[in-house]
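Sequences and hints are given; from them, build the entire structure.
Taken in order, these protein sequences are the chains called E and D. Oh and the first sequence: position 167 is 417 in the working numbering, straight run, nothing missing. Oh and the second sequence: position 110 is 353 in the working numbering, straight run, nothing missing.
Just so you know, the hints here were simulated from the structure itself, not pulled from any lab data. Any given hint could be a false lead.
To be verified - Mimicking SDA-like on lysine to any residue, the simulated pairs with C-alpha atoms at most 20 Å apart in a straight line are:
id, chain 1, residue 1, chain 2, residue 2
1, D, K518, D, K440
2, D, K424, E, T384
3, D, K327, E, Y389
4, D, K586, D, I276
5, D, K413, D, K440
6, E, K419, E, V406
7, D, K467, E, L259
8, D, K632, D, K467
9, D, K491, E, Y389
10, D, K274, D, K470
11, D, K624, E, V406
12, D, K467, E, G387
13, D, K343, D, R365
14, D, K470, E, Y389
15, D, K470, E, E380
16, D, K470, E, P517
17, D, K624, D, T556
18, D, K491, E, L396
19, E, K382, E, L396
20, D, K316, D, R365
Unchecked claim - Derived DEER-like restraints, expressed as beta-carbon distance ranges:
id, chain 1, residue 1, chain 2, residue 2, range
21, E, F346, D, G273, 54 to 60 Å
22, D, A550, E, S255, 27 to 33 Å
23, E, P325, D, N623, 40 to 46 Å
24, D, Q539, E, S255, 26 to 32 Å
25, E, P325, D, A557, 38 to 44 Å
Don't be surprised by glycine CBs; every beta carbon is placed ideally from N, CA and C.
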Amino acid sequence: MVVPSFGLLAQSILSGIFLGGMYGLVGLGLGLSWGLQRQINLTHFGFVFLSAYLCYQGATVWGVDPLLSLIIVIPVFFGIGVVMQWALARFRISAFNSLLVTFGLTVVIESLIQYVWTADFRKLHSAYGEIKFTVFGLYVPLPEFLAFVVSATLAVGIWALLRHSDLGKALRAMAEDAPIASAFGVNERAISLLLSGTCIALAGIAGAMFALTYTLTPTQIFSWVGVVFAAVMLGGLGNPLGPLLAGMIIGVSEAIAMTLFAPSWAPIVSFSLLILMLLFRPART
Amino acid sequence: MKAFAKWAAAAAALTAVVGLSAEPARAQGGKPIVIGSTLALTGPLSATGLVHKLTGEIYVDDLNKRGGLLGRKVEWLLKDDQSKPDLARTLYEQLITADKVDLLMGPYATGAILSSISVAQRYNKMLISHTMGIPSLAKYDMHFPAWSLGPDPATTVPTTAFDAVAQAPKPPKTIAIVTSKFPSVHFLSLGARDIAKKRGLTEVLFLEWEFGNRDFGPIAARVKDAKPDLVWSGNIGLEGNMLLEAMKKIDYTPPLHIHSYPAPGPMASAPETDKALALTIFEEHPPFTNNPAVAQFVRTFRERATAAGMPYTAVETQAAASYTAWQLLEAAAVATNSLDDKKMADWLKKSQVPTIQGTLRFDRGNNFGDDLMRIKQVQNKTWVTVWPKEYAAPGATIKMP
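Next up, the structure:
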């Protein structure tokens, strides 16, 4: 174990917080879909990357600002989510089978991305990437900061919506007991379509932030599954704040492990946390 | 007399191989020669697998234009191993037993190569591999590496690298060694650690990360804190870019930084990667392109890579290793006038074969010969070889930020 300087430790923790924000953003829609609809929708990861590639295409080929491209991406992805939910309901796909079906769809999305953009690496070089500022001597890169702000704003906004609006109450009632909620006038079908559309639209937003921060390659889709699953499960299914907070815990724990010990210890941290949670808090999952 | 015969055969092979499209087409008769192989056309290694596919297609097209192999047309039977070594094993078995191919060509990446070697060994087939990264594991005596790492790259490659940085305007005295635990990278970094110590470089930091690491912020911060003169970054694919991006975010540029196997396109094009050093066997400049046939290959590769929508269209290590593999196969068949695996393997073991990356021989440990690794640097968004001097681009020397 090394004793780092305060600056080194603080910079590393900040890096972990930003990474946690990305875990939370990618996991937000997945956790909502899993917790409120009982669907483990793996296409979420595929749509994050599809959105990232669309933003890349928009910025590099058509010169569209990656954030402006969300004006198109959000409604289109919302529509895709609605259609997907309609199909899953139409064919009565069970919660477990949704895992298999959406895994297959994710492979299709990966193949589509590879067909259009090839398997090679793609990097969106935008003006955002060049901007960073310092706070108390710590470097804050704009893309990561932006992703964190978006992640936190969405998580808090959706939490407030679920907690304080009629729609949110209906969603939570549906998650508790759909037949009883229907008996009280909750339109389960319409709410499911709305929720599914929103979750995929959230994936679209996550994709834009992802494109600003990371280099893209289609096969990366699956490398995010494990740690985002850990964040979603640690945070609690259906809780919009959960993936963000859990993501930050994982990100910061990994960063501290990298700083105090060795970077190769980082993956042990996130999955050890998940195992401990499963052992001591089984009721949350 | 024996020596003369050996050189005469090599010269014949050289004429056939390096002459390439300059030679007029001959009549192609008889059944086509089928060469079977797999490549990572999908999966995590597919970005590089596609480079090998394109190179093979260009070579086979050109070979057929020149009259084929031994007067027969060549067909390349290529299967997708999906970047999975276990699938590569099955497919090579299939190529030999069901497809009954005449010759084998190796796959891409060390894991798949090891799988294919085991199958080739079982059927006594010769196997030429593109990029076998760990020579000590390639024990089959009819396996021939087209990537000229030498039998002990953990010693020779860092030696070349440190010789190169000793020529820098301000030679390094301290070193940080940070490395991925990816197998073919990790052992090189451990070798670099030993060689650095022997050469009197003071190690100020040693870090390892798991392949697939997403957060390079803490690693960058620790390197910045250690203030090394030289960063040896044992990385593969995008890891080097991710590390340099993380360094840029904290306003840090290392004085000298050398990367083992970075993705060439992203590493050449990003603003923060300028002056990055890396290992290479071939770059698109003289003396490598002095041969007109090689220059033609570079042009054709660029055209077809552009048409295929590949973002990086330059010929470098991967394409050169792949091209070399095909050159070796053709040279062995022409020199022995045969498709007999044993005869071709025996010839390769005794011969020195001129290729796109230099002259290869296979008479040392596990059929590896000389270490032909060189050092390149990103200068104005282009890779140029800077060491050794005889392979450096005209006028190119190591530059520092």
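These are the hints, each one checked on the structure:
In summary, the hint linking K518/D to K440/D is not supported, as the alpha carbons are separated by about 24 Å, beyond the 20 Å threshold. Our distance criterion of 20 Å between C-alpha atoms is broken by K424/D and T384/E, whose separation comes to about 33 Å. Under the criterion of a C-alpha separation no larger than 20 Å, the hint pairing K327/D with Y389/E is inconsistent with the structure, at around 40 Å. Of the pairs offered as hints, the one joining K586/D and I276/D holds, with about 17 Å between alpha carbons and a cut-off of 20 Å not exceeded.
Annotation: proposed proximity of K413/D to K440/D holds, straight-line Cα distance about 19 Å (limit 20 Å). A threshold of 20 Å between alpha carbons decides the hint, and for K419/E with V406/E the separation of about 16 Å falls inside it, so the pair holds. A distance of roughly 12 Å separates the Cα atoms of K467/D and L259/E; the hinted pair therefore holds under the 20 Å criterion. Using a Cα cut-off of 20 Å, the hinted pair K632/D and K467/D is violated, with the two alpha carbons roughly 31 Å apart.
Among the hinted pairs, K491/D with Y389/E is consistent with the structure: their alpha-carbon atoms are about 10 Å apart, no more than 20 Å. Among the hinted pairs, K274/D with K470/D is inconsistent with the structure: their alpha-carbon atoms are about 64 Å apart, more than 20 Å. Of the pairs offered as hints, the one joining K624/D and V406/E is violated, with about 43 Å between alpha carbons and a cut-off of 20 Å exceeded. The hinted pair formed by K467/D and G387/E meets the criterion: a straight-line CA distance of about 14 Å does not exceed 20 Å.
Between the alpha carbons of K343/D and R365/D the distance comes to roughly 15 Å, so the proposed pair stays at or under 20 Å and holds. For a cut-off of 20 Å, the pair hint linking K470/D to Y389/E stands: about 18 Å separates their Cα positions. For the hint pairing K470/D with E380/E, the CA-to-CA distance comes to about 23 Å; that exceeds 20 Å, so the pair is violated. For the suggested pair K470/D and P517/E, the alpha carbons sit about 27 Å apart, so the restraint of at most 20 Å is broken.
Among the hinted pairs, K624/D with T556/D is consistent with the structure: their alpha-carbon atoms are about 13 Å apart, no more than 20 Å. Only pairs whose Cα atoms come within 20 Å are accepted, and K491/D paired with L396/E is accepted, the gap being roughly 17 Å. A C-alpha spacing of about 11 Å is found between K382/E and L396/E, which places the hinted pair at or below 20 Å, so the restraint holds. Taking the CA atoms of K316/D and R365/D, the gap is about 28 Å. The hint is violated against a cut of 20 Å.
Between F346/E and G273/D the beta carbons are some 57 Å apart, a value that agrees with the proposed interval 54 to 60 Å. The given range of 27 to 33 Å is broken by A550/D and S255/E, whose C-beta atoms sit roughly 52 Å from each other. Separated by about 42 Å at the C-beta atoms, P325/E and N623/D satisfy the suggested range of 40 to 46 Å. Distance hint for Q539/D and S255/E: a CB-CB separation of about 56 Å, inconsistent with the stated range 26 to 32 Å.
A C-beta distance of roughly 40 Å is found between P325/E and A557/D, which places it inside the suggested range of 38 to 44 Å.
Against the hints set out earlier in the document, violations occur for numbers 1, 2, 3, 8, 10, 11, 15, 16, 20, 22, 24.
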